[in-house]
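Take the two lone chains and join them into the complex the hints point to.
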Amino acid sequence: MRFNLIGLLLLAFSQLAWPAAKIEHWQTAQGSRVYYVRTAGLPMVDVRVVFDAGSARDGSQFGVAALTSALLDSGAGDWSADDIAQRFESVGAQYSAGVSEDMAWLSIRSLTEKPLLEKALATFETVLSRPAFREDDFQREKARTLAGLKHREESPGELASIAFGKALYGEHPYAHPETGIVQTVAGFSADDLKTFYQTYYVAANAIVVIVGDVSREQAEQTANQVLGKLPVGSKPADIPPVTMPSQASTQHIEFPSTQTHVLVGLPGTYRKDPDYFALYVGNHILGGGSMVSRLFEEVREKRGLAYGAYSVFAPLYRQGPFMMSLQTRNDQTEQALGVLRKTFADFLAQGPTEQELTAAKRNITGGFAMRFDTNSKLSDYVAMIGFYQQPLDYLDTFQTNVEAVTIEQIKDAFKRRVKPELLQTVTVGQKS
Amino acid sequence: MKHRLAALALLCPVVLAHAEDSKVYEHVFANGLKLLVKEDHRSPVVVSQVWYKVGSSYEPGGITGISHMLEHMMFKGTEKYPAGEFSRIIAENGGSENAFTGQDYTAYFQTLEKSRLEISFKLESDRMRNLNLKAEELKKELEVVTEERRMRTDDQPRAKVHEQFMAAAFTNSPYQNPVIGWPSDIANYQIEDLQAWYQKWYAPNNATLVVVGDVDAKQVEKLAEQYFAPLQPSTIKPVKPQAESEQRGVRRITVKAPAKLPYLMMGYKVPVLNSAKPEWEAYALEVLAGVLDGGDSARLPARLIRGKQIAVSAGAGYDLTSRLPELFLLEGTPADGKTVFDLEYALLDEVYQLKNELIGKDELQRIKAQVLASSVYQKDSNFYQAMQLGTLETVGLGWQRADEYVAKINQVTAEQVREVARKYLIEDTLTVAYLDPQPITEAAKPKKLTGVHHAF
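Line by line, the protein sequences are chains A and B. To convert, note that position 173 of the first sequence is 173 in the UniProt record's numbering; the numbers rise steadily by one, no gaps. To convert, note that position 456 of the second sequence is 456 in the UniProt record's numbering; the numbers rise steadily by one, no gaps.
Pulled out of the complex, with its shape left as it was, chain B reads as follows (with noise of 0.2 Å):
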């Protein structure tokens, strides 16, 4: 029965359109900036993102967390608007605006109701060759980064388990560093750094501009053209390619910190999209990761969690599109009674039988399903519609992958799924790490300090 319904779904006709229906409309301008617009007209609104190829994996040691730092200080002024300006205007015309940094690119964006797109354009490629860095604003914003990294890495456990893990597992390939950086490089940002890496990457031939909205492609076009061709375009030298060495052998460590859970992650070193040579593999890879993880319904909550109950929590994670290559990932937490030993011996039992025995034709279809319907769920967001397209164009994959990526998918067989999982899930590139919880000094009863009354 079920089987027929997941089918019935792949060959709807609606849905399929929906699902491939993407309508991208490409322009690059002379200077080399790309613009990427989609229309979607359910709402009279617009998003518009800057992507600039730049991001941890770009940064020398010395200056991880770099990108970072300088996402926060875009937003610390140029000639024409100084510090805070930006921010006041976006605000002022309704709009919610941000920045985020990753691995492999640093993006800006703004959400804005339909007819107010220009003054996201104007304030953006301003601040894309204008920024005034000054050293007084890096003081205090480098403060601002560094509470930032206490309370995202250091006073969260398992967070820190995460930060050593790569650490540990990559041994020279740049994603060994943490995104934020890690503190002493933090505490020696110069100012002529955060100059220097802004001269480097931020021009229009390195940066994609995206619009999903409520808009015309031709006119977006034309408002592009006026604010961000007349940018200069700089040399932009490749980024070096600081392939991974190889990994010979298992990788364990332990991280202590104040917890009250013991928790384990894992991971084995995978290609992704950019590495996968045949590319099915990266495919196939990403099944895999639903045959574990994709739903509740998936291996890891129904054997590991309900059925051995070896876990409270169990998940698997991989990215086919980063950059370069990546970790398959395997983490949970260990059932009460049970060790991270006792959940790594499960979850290698996993491997094991992934590798021996072919799944199910239930579980291939079921992730087929779900793969086609969340293609038609995420287009209920532009946002997350132009997150997609910004990430592949940004790691050099290119945005049509958008609309391969259900067909691709659907052509991924069990024997696939079994042969990646021998090929790639192997002792020899395996990274462990395990929480060591430590104990949190118990408070002393809170203290109450009644009725004291601060002068206002």
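Bound-form chain A, shown alone (with noise of 0.2 Å):
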């Protein structure tokens, strides 16, 4: 029973595809690329359709792509919602759709007997290729996102990050929380996502990933399905490039909770930042590792101050956001947070220790087969590097980029890359 179960800190294990996952890589015809990788052992398979549709191409109309998203099996072809659902259903299927600020998706798990899989795929193709965008549709599900957006507001965690992103990106599109904002998402009309849909659900914008029990020729099979009615369209423009703050900040939210929520952080690293490895490796110590980590060890195990104290670099096309983060009872806030800006203002002058940065780099090499040990885990992984256009190999020189690291280069990419002078600090609660 999900209130029942407490004291977890992270959950994410098991098992899948050793030694090191063989992707193989293809075009469609119409110019979407695919990734495949076989997996024995077990009689399911997942694909995934990603597009370059996430909420940094909402425009001016922040959450339509969330929303968009969230319509699609909502009604497709001459089907409702209901129907879509008994489709997959009635199979053993799960069908999820989602985004985030770079990517939009739309994935189903399925047993491989043929004709389980087969129903399957047929309804995804359909809900992939003619969602309908049907007026009540479109009204109730833009009632849920809006009944969704003001529950967000009771969460004292929520609004800090969306102070946080606000704060770090003002006018990029990487600025807005992903399900958009009550005034925006309040102003949609059904020909909005229309219009958004048609613009970027196009197979030249659209990568496929399939992994699981199914031969290449099956993988291609499936890949021509699901893409096959999409028209070929185009790629849309680079998102611009990130302009830094020009300046240090501090904000406070006046919420009525018995903790603050604490975001200290700026811009960071992108997906094929030459600095990647190096920041990684260096938040790892800072404050990256779960349980053993520099804010880890400062703010909770030495003070009690904090349940969670950490730090983390999230990689996006654009640099996404580097972010320390704690949430400590109200009258604290201003000694926790003093905390988290010594302990970072140490890493940075001083950089990881010699027996620090060996400690990470073992954590983070003798746990690499627990990265992708599951189909769920190895797909994400495959959609990161398929999306991103990462090198094919990425998994297998992912422990060798990581035992390169040096300390004088975690020094220096920290110094270059995150200024103490321009960290954005947001914090919500109650002053005391």
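Calculated from the structure, these hints are not laboratory results. The beta carbon of each residue, even a glycine, is placed where N, CA and C say it ideally should be. There may be inaccurate statements among the hints.
[Said to hold, decoys possible] Covered by chain A, according to a simulated footprint, are these stretches of chain B (three or more residues, beta-carbon under 8 Å):
no., stretch
1, 84-94
2, 248-260
3, 299-308
As structure tokens, then:
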């Protein structure tokens, strides 16, 4: 029962695909890139289609990408939302769709037994290529999204994250929350979604990821089937570069909570960043390691100031956020923020010790097999590699890249990339 | 068409073989520790979990949440491995680790590359008997747990509703208490309380060691023999039954909290596998939950969210593997312009229909197809498989139940679903909780202090 499990900091484990996955790659006739990994052992397959159609493509209509994605299975071809759900679920297939800043994806998990898979794929193909965007479905899903946006305002953590995005990115398309804001979503019409769909859900802007117990031939057929009815279209223009904030800022939002949520950071790293591995390994030591890191040690283990104290680089097509975070009792906010800032400043000034670097490398490389030991996790990696056009041997060279990082590289990369005089700080809670 | 396909899924021998094929290796050591190993060679990794038969439902008043507090203290060191060493060693070996506490169990786990399983055994066997509980560590960790409670419950309106709802629904069953504990109890733990709780429950004869992954069961047994077999057992006194006294009449509560949306939670007292007589009632309740909320084609999404548009979210929940009788839950958020009372009425109407009409053949087939498919999908994860075995063993059902699940669900009939609805979804054992949203003080425009440079 979802309310009864507590104490989990992270939950991400299990199995599949070793030695490092063999990714096969080709293009469909319409120019979509296909990425396929055969995994044997279980009669199941995951098929995911990813478009460059995330919230960064919203333009001024914040939330239009997310609502478009939510509408796809609410009616397609001659089928209603009920028909679609019944078609998937009668064969035990699991459909999902969603958006991030960069991506919009649809995925299906199905058994590979032929009649079951065929019905699942036929439904998937229709949802993907013939969504109806009918007015009543649109109105209903819009109302649900608006309720979700209101619900978000109950959470100090969510409010902090929204303010943080705005502080880091200003007018850049990464600035707004993926689900949009009430003011924009309330003004959408079904036609807005249709237009967005027609512009971005096209073959030239799609990749397909297939992971599971299907042959190469089946994978080719599947890719052709799910994308075959999409117009070719064209790729959208590049997402504009990120402009760094010009100076540091601190803002507080008053909220009637017992804790204050603290976020500190800057635009950080991107997927093809030459500094990526130095920043990634460095951050593992600073605050990325789940139960062993400087922030965890200083904030939680030594002082008991918070349950969670972490830092993360979230790489995107452009610089995604670098974020240090904690939540603490309102009256301890200044103290906790002081510890966080000092921990970061010390790390920036001295870099990691030789011992810390060795330990971090051992953790990352020693746990390498667990990064893609299930079809689910492997699909995530392959989608990342395909979408961001990383080398196909990304997983094979990952450990070497981690091993090669030096203390000097970490210090140098952090100094150049995370300038303390530009850090953005957001606090949400009650000022005591 | 869809009936034929679902039936096909049920007959397909390849799929069925995967659904049933679990091959669990069991061994009980002389000191009472039970070892369960499931080999899965798809990836060179292993998960190791130690499950203790203790959780919040074992706790007396005054020290609620102590199982969870002890879970935190288990990372604070032994003579051999002082505070921080456990996590440092696991991390250096590329491992991931953590722990979780529920109503009926406390469990610790590590996930490692397969050759490093011994590290997990060495450390877990040590802290099973040799924990070094220190007052000064408790003082700090108590603050951490208090922050955890603020984050998970105090600042989350719906979690608060759930907490009050459980406290109202159960009169004397220990399920009335939150897993994390009541604030006053958390604030007053003494190191002696932790010491006593540790002595009382942490022993090989009160634990199950579950290992799933790319291992050889016999070798795992040898390794476990080396590290766990020498541990001394304890005398474990059985926990008192604390059988819930009978509820005669609906209970309604309101919880006020700063929130933007109203919210409704309802629960009926129902049996679980441990208590159901006959046993099929628990499986029928499981199917009933599937009829209402087993996917997007289920009744709550199809009828309340889409059809009547009375809710923006609605769900049903039932956990048949609880140790003690549970609640069958219904919950949801009313749509704009609807109230919690409209939603309650609509949910009650769904219950009424379940009592008066048989569910459709297609609904039953759909649930059976989903259960079968899920049993395959779940095998994608070692962790999930280990969780399943650990839970079943720890609540006293036995891991063998995992293998029976698909077959037992398959035997459920529409008549049985109607029968459990009539027998258990009755107003006399119902509890209802409403979230009454209080205004969130509108933040005066966020104060932005631009250009403030901080001394780093």
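Against the structure, the hints:
{"no.": "1", "hint": "84-94", "result": "holds (count 7)"}
{"no.": "2", "hint": "248-260", "result": "holds (count 3)"}
{"no.": "3", "hint": "299-308", "result": "holds (count 4)"}
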